[in-house]
Amino acid sequence: MFKISKLSILIASAITASALVGAAGAQELTGTLKKIKETGSITVSHREASIPFSYLDDNQKPIGYSVDICNKVVDAVKAELKMPNLSVKFQPVTSSNRIPLLQNGTIDLECGSTTNSVERQKQVAFGNTYFVINVTAAVKKSSGVNALADLNGKTVSTTSGTTSVALFKKYKRTETADIKSIYGKDHAESFLLLADDRVAAFVMDDVLLAGQIANSRSPADYKILPESLNTEPYGPMLRKDDPQFKKIVDSTLAGLMKSGEMEKIYTKWFTSPIPPKNVNLNFPMSPALKAAFTNPNDKGAE
Amino acid sequence: MFDLFFQSSSEGEPLWWQMLASGLGWTLATAAVAWVIAFTLGSFLGVVRTMKNQWLVNIGNAYVELFRNIPLLVQFFVWYFVLPGLFPAVKKMVNDMDPTTHQFVTACVCLGLFTAARISEQVRSGIGSISQGQRNAGYALGLTEAQTYRHVLLPMAYRIIIPPLTSETMNLIKNTATAYSIGLVELFFRTREMGETTFQYFHAFGAATVIYITIAMTANIIMGIIEKRVAVPGYISGAK
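In order, the protein sequences belong to chains A and B.
Be aware that the first sequence starts at 217, since it is given in the working numbering, and climbs by one per residue.
Be aware that the second sequence starts at 200, since it is given in the working numbering, and climbs by one per residue.
Pulled out of the complex, with its shape left as it was, chain A reads as follows:
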């Protein structure tokens, strides 16, 4: 008898606890979740040429590592709001307009290749880091450039609106380097300048360089310099001061990381052939990224 009554107490407390959780779950919606509930739709942004994070396939459909992750977040939102028929809109954005479009409510979640920096956190919020990159340069093997120092007296390209611009400017000042830079308005254009021998190097995040190289006409002609100007985390971008939505984003990502599903998504996009040309980026997971998966966090780069 005694045992049973102890069990019944346990059951009773479990019921009470779940009722409490239920009450907490039913709290009033705020921010993005409220907007999604009211409009019946969520708008996720994508990039057009950020391979393999977020880009367009042959049918002009957004695909990629970040898009897969975002779809998981969208699934979590559907479950949370109990709206299985939630309409999901995809909106293309660029390096330059992603922050204003997020702030003015055009997009609700940015899943591309966006660096989480302390400076940007003054304007927007970021979910858990899902990628870590090094800022470096791609060069042609035939150019004889083996280090950043070899770029002295040469011209390099970079994409305007990216954190690489400021980093590279800083690098130019610290070294007694005489390097000229020109800006492409997207990664494809900056790479075109390199492919056409108009510049000696393209300064950008290593993985984006690998993506451009893999999809170029002759990937064997290029190499990525081992040096690093900076290490930066990528994360999904959302509006600031939106705790409910951030909680869903963070817990979804943390769940994927803990369950090992994130590694599967990683393998799918970074070490297997990917559309549109079935090229393999051969970009194994870095120690920094493994650490980020073990301890999910949203710390920004300085």
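Rather than coming from a laboratory, the hints here were simulated on the basis of the structure.
Treat the numbers as computed from the prediction; the structure is a model and nothing was measured.
Hints may be right or wrong, so weigh each one.
Claimed, not checked - As a list, the in silico BS3-like pairs of lysine-lysine whose alpha-carbon atoms are at most 27 Å apart: (1) LYS251(A) - LYS463(A); (2) LYS370(A) - LYS373(B); (3) LYS370(A) - LYS396(A); (4) LYS290(B) - LYS396(A); (5) LYS439(A) - LYS291(B); (6) LYS305(A) - LYS357(A); (7) LYS396(A) - LYS291(B); (8) LYS401(A) - LYS373(B); (9) LYS439(A) - LYS484(A).
As the list claims (entries may be wrong) - Here are the simulated distance ranges between beta carbons: (10) ASP457(A) - VAL308(B): 44 to 54 Å; (11) PHE286(B) - ASP291(A): 50 to 60 Å; (12) ALA436(A) - ILE412(B): 51 to 61 Å.
For each residue, glycine too, the CB sits at the ideal point set by N, CA and C.
Since the structure of chain A is already known, use the hints to place chain B on it.
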């Protein structure tokens, strides 16, 4: 609100107002050089298209249709990315050039040729609006075709087209903003850069709006003064 303009973009870089001012300098320089190209070539083509030689008329018409019907952004891309890729000689030339100079020259040529098509259309219609009697009068006086254009037709035609030429000049100034697409560090490029770096888009674009309006209005006023100065009494704006 205005202190942002007195902050530096990053350590060791100029202040934001200085960045915008240097952008304004490129904008004005590009607009000025492009205007000279556009006015010279546009006048020439406009005249050619009203002459008797049908071949010249056709060539002039083809030029106008080609440059008027392709979006300006596409033209920039062609001049900057496609042309050097097609011709090794051009590529060698642009690679030897300072990259900023190359962007500036490309922007001036692209905008100049584009605007020339539009100015030529205005010059042609200006000449067309003068009665046939004036041309005949010129010939009756024993003037050659060239002399008739120089002393009879063009002096009137230019006066007639000052109003559309004014809006074309203002358009040209505003069109320089598309040069951001080839990386020329003009005013719009600097504005975007300021927005992207500080995330204060309202400040950056607010300042750009005021600057663009100011320079376009200044061009408008200058053209207005010219119009008054050269007015022929009893003719259009010279009526008063």
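Verification of the supplied hints:
no.: 1; hint: LYS251(A) - LYS463(A); in the structure: holds (16 Å)
no.: 2; hint: LYS370(A) - LYS373(B); in the structure: violated (33 Å)
no.: 3; hint: LYS370(A) - LYS396(A); in the structure: holds (6 Å)
no.: 4; hint: LYS290(B) - LYS396(A); in the structure: holds (18 Å)
no.: 5; hint: LYS439(A) - LYS291(B); in the structure: holds (24 Å)
no.: 6; hint: LYS305(A) - LYS357(A); in the structure: violated (42 Å)
no.: 7; hint: LYS396(A) - LYS291(B); in the structure: holds (17 Å)
no.: 8; hint: LYS401(A) - LYS373(B); in the structure: holds (19 Å)
no.: 9; hint: LYS439(A) - LYS484(A); in the structure: holds (23 Å)
no.: 10; hint: ASP457(A) - VAL308(B): 44 to 54 Å; in the structure: holds (49 Å)
no.: 11; hint: PHE286(B) - ASP291(A): 50 to 60 Å; in the structure: holds (52 Å)
no.: 12; hint: ALA436(A) - ILE412(B): 51 to 61 Å; in the structure: holds (52 Å)
Figure legend: structure checked against the earlier numbered hints; hints not met, in rising order: 2, 6.
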